[in-house]
Amino acid sequence: MAAGVSVKESVKEMKRLKNEPLLLIVIAAIVIFVGYFVIYPVIRVITVPEWQDYAQLVQKARWATAIKNSLFMTVISTVSCTAVAFLFAYVNARLDVPCKGLFRFVTLLPIVSPPFIVALSYILLFGVQGIITKGVLGMQVDIYGRFGLWIVQTVTFFPYAYSVIYGVIRSISTNLEYAAYNMGATRWQVFRDVFFPLCRPGIAGGALIAAINVLTDFGNPMMIGGDLALLPTEAYMQISGWYDMKTASVLAVALLVPALMIFLVNRFWVGRRSYVTITGKEISLNPFSLPKWVKWTLFGLTMFISLFILLVYGTLLYGAFTKAWGYDWSMTLKNLQYVFHKGGQIWNSIKFAFLSSLGASFLAMILAYIVQKKQIGINKLLDFLAILPGAIPGIFLGIGFVMAFNEKPVELTGTAAIMVLALLFWNIPTCYSAATAGLQQIGNSVEDAALNLGANSFRSFKDIILPLLKAPFLSGFVLSFLRSVTCLSVVIFLYAPRTTVGTISIMVLVQNGQWGEAAAFTIVLITIAFAVLRAAQYILGKQGIKLEL
Amino acid sequence: MGYFIEFRNIVKRFDDFVALDHVSLNIPKGAFVTLLGPSGCGKTTLMRQLAGFSEPEEGDVLIEGKRMNGLPPFKRNTPLVFQEYALFPHMTVYENISYGLRLKKVPKDVVDRKVNDMLEMFNLQGLETRFPKQMSGGQQQRVAFARALIMGQEILLLDEPLSNLDAKLRVEVRSELRQIQQKLGITTIYVTHDQDEALSMSDIIAVMRRGKIEQIGSPWDIYFHPVNKFVADFVGTVNFLPATMVAAEEGGSLVSYAGQTLHVPVVLDVPAGGCISLVVRPECMHIAREGEISEHHARLDGVIDHYNFLGRVIRYWVRVGEHSFIIDDSNPDLTGARTGAVQLILDTAKLHALKDED
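From first to last, the protein sequence lines stand for chains P and G. For the first sequence, my numbering assigns the number 1 to the initial residue and increments by one for each residue that follows. For the second sequence, my numbering assigns the number 1001 to the initial residue and increments by one for each residue that follows.
For the record, the hints were derived by calculation from the structure and aren't laboratory data. Glycine included, each C-beta is placed from N, C-alpha and C at the ideal position. Among these hints, one or two may not hold up.
To be verified - Here chain P is said to cover these stretches of chain G; the calculated rule only asks that three of the stretch's residues, wherever they fall, bring their Cβ under 8 Å from a Cβ of chain P:
| no. | region |
| --- | --- |
| 1 | 1063-1074 |
| 2 | 1077-1091 |
| 3 | 1095-1104 |
Same shape as in the complex, but just chain G:
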């Protein structure tokens, strides 16, 4: 099975620090793959191995089955959009965008046409003669995209390209970017520490920590079936409930939590009586309304500690015994937030469970 891009057992050290520790990742053609993780986890380093800005100590980087190791960056055809854009400060927008084509000695009329296509695609018409410092951050960023995409390569590398934009623009650009990527069918690697960006744009997410990939999967996999507490916690908000295994079941497990026996749709390799953690997203539980509780509900008694009103939801912090739970009420009351003692109902169909790590 030939993947378009392959990282095989990559090891990269900076002196004593291991930046990448035997990392392997296969990327099919046309996929939008996000490398997600906290700063220092090695996500940018991994991408730089592909662009050729540094060389791994061990392991291979392959594009279409061809080994890239040792090839200088200017022979790799892997256009990259830099976090701080890296526009050439002494060149105009036109000169910046066309630079790569001019290097390849593409005829002037072809260059002009392609630059115009890019200016149109990124809504930059009329700015051709501006210098980078004469433009806003958003405009600079679109020039950076245009400069990378004009090369017409099948790969696009994005290194936190949205992190210098304000929050509202970021949301707009990310959906535009995803549409362009799907339209052109470019295999894209996207580096970010922002879980919203990762979930909203990706076909595949690779969650990284300390130079290793913790989990590779679709946004749904990563969000609802994290392989460990780190991934669960890094991608989204989460409550962990300590529970014990009762028995394995058809397509799931019976677990015991706070005196109640619950069915969770996860097969766990844990003997009866073993310790596990229930992974509960804020949207997997809700505060019971008057008269809603019945016998078959999995429920908890708690007291509302404090809340944040966010407009479309109210986020409650509810204390249950020693634990504090985060619960999103997406149907807030018009008059205000709830207070005092409440009962929480768990949506067991959406529950996830993890074997406790030592």
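So here's chain P without its partners, still in its complex pose:
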């Protein structure tokens, strides 16, 4: 009955669209565009292997081990990421302690860095030529494998969980806790019965975000995984070593299934269980203070992890100016000179990131606008198209692009266009959620008011929505830019000698043991990322808008 009515409703709304042909054209264009560059590559990857190729997953021991290892790493790294993220979020949101600026800074660093730099730094610290293992302790350990990867992934991905959990904790009114104290609950009872249950949606959401990142992580396992077989790296080996597209596709599909599951659970289960209601009211009372020993224990833990992260980045900086890591510790600028010599790759990184982010932000904003503000039947499909790339592992998207666009009619292999397009569609969900959040803050009636005064859909979008979306547009753009500059997994299959980007060079340098050059390259990329972030914050700050990452 309800379905029948909503179908009727959709048909009626579609009829109304006849009055707005522009909107109709835009929707059709978006559906075709996204369908061709997202759905089509996905279908290619899934349909290329035969049934017997898929059967290898269970028959061949190495692939079964890769699945097992990938899931195992996902579980342990997600648990540690979530725990660290909760600690940081709680300390930053609720405790009255010094050094919060430092804590916030270290949660930002991994987000603006290439995904493998923690691994690189970890090698510099604890590897065969490691400054601590060889230099200080004079010992030789094998850091490659599960344990090293676990530490590295925890540091790399906890910030993603942190931002979700922090957002939820910030939105929990302390008044609720005071109400519980008022009824006679002890601190522990308040934490257990009120605070923690309210955090749960945030913790679940944060954990799932961390999980999808860990599962699809390519850079860190590539550098520090050693012999550990994992799905993303194995898929890469199949293509780079054997040009075996079918097996690579099978492994990519094996990766897609759990990624899609995590994604859907996050979207439809956690998303609906959030208790958070945004009332626009700031937290009114200061949090009730904790016993001193609890507070300082939490502070100490947070400080320890923060210092470790600083050490990671400090090591990179040191490495960038060191002649030969492990042998000759004297200072040099030759590594930086090397980077400038390879300036074209840095320029490629910036160019591709800029173009793809610009495209993604525009497309995402139009999508978000239509989905949020236009009550039409096709909205569910558009929403699905916009978030779908978020469920697709980077490595999968890369393989998909290789297979979908290496022949006519659209032959893009080896061009700059394929790099930009892949990054563009990979970034749509990031920009889409920023735009959606921005639109939801604009009251519905504001746009109704414009329509009411005689503005058609196009005018009200241009005059009302667009100016109000400046901030979410820019934050989507910046996030997407940072993701693109630091992206490795999507582009690893798509680059040609002329379109090589910084992250690929770093990977090659690390594999060749050229630590100094790799570190210098990384430092330059991080500097660019940070400069862009600060510039955007400055521009928005002048208009009184705070850029949230």
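Chain G: place on chain P using the hints.
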């Protein structure tokens, strides 16, 4: 007979919920019509059908005899003042007010003149360059009115525009608003759940409940001759007295209540002996003073339960048998409220009666 605005048999559903159930309403030109009802009764939904923000499943919306269905909102010329004002946060007062005219490419000097007229009418001079968040709620609300009225249309839609103002300002604005509306002769539809606003401003009130219009009439009709208990109760304070029909009379009915036979000025379609309810407003009865009672008074014996002193009146709750009556004494004693046993005198000329619903 051509009405200016017509709603014909409007049906609007949200999934399984019927928001408007065959609603019809005719509005003559220049009238101030209030849609009054509790939240969720469909009053805002009905107005939105006229503005074109949503489309009815069945029925027609007409302005000056022209069918509006399917026409997008920006072609309907139905300026609306929103409950939360919906001012554009990134535009100044001037830009907000002039936006509709600028869309129509009205020349700059004409826009300037019209905006100035509006600023003057709403006492907003000097605030042209302010942004909405730099102004008080009352000022924002006047900008919202100006933005709607500057369009010079013959229709004005108001969606609970006063609900975000404090009580005192609300009373001021409502009389100003009524004066402006009468001066400009704009046909106005006003949505509210506040009975005082409805009674004080309207030419016509339509009382709504659960997607249906319960009664359409003048404020006097609605207040003194409600068609059912819901309307009686929603519009004002009321006491219901169970009574029985005795006989129909010239221009009224004879009814029996608590052993007394009363004449009420209402013709009822009820057979003798049938159950009815007397509708007694607080001002339709008063507490008898010393020696006031005489033979021909309709009266009740009661005991004062408690009271509220409100300044200009004292509101008494008087228990009579099982019932508690609300009575307003508009001439309070200087020294204090009355207590104990009292006699109540009914003003039978102002009484209303309803046939009991099953």
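Against the structure, the hints come out as follows:
| no. | hint | verdict |
| --- | --- | --- |
| 1 | 1063-1074 | holds (count 5) |
| 2 | 1077-1091 | holds (count 12) |
| 3 | 1095-1104 | holds (count 4) |
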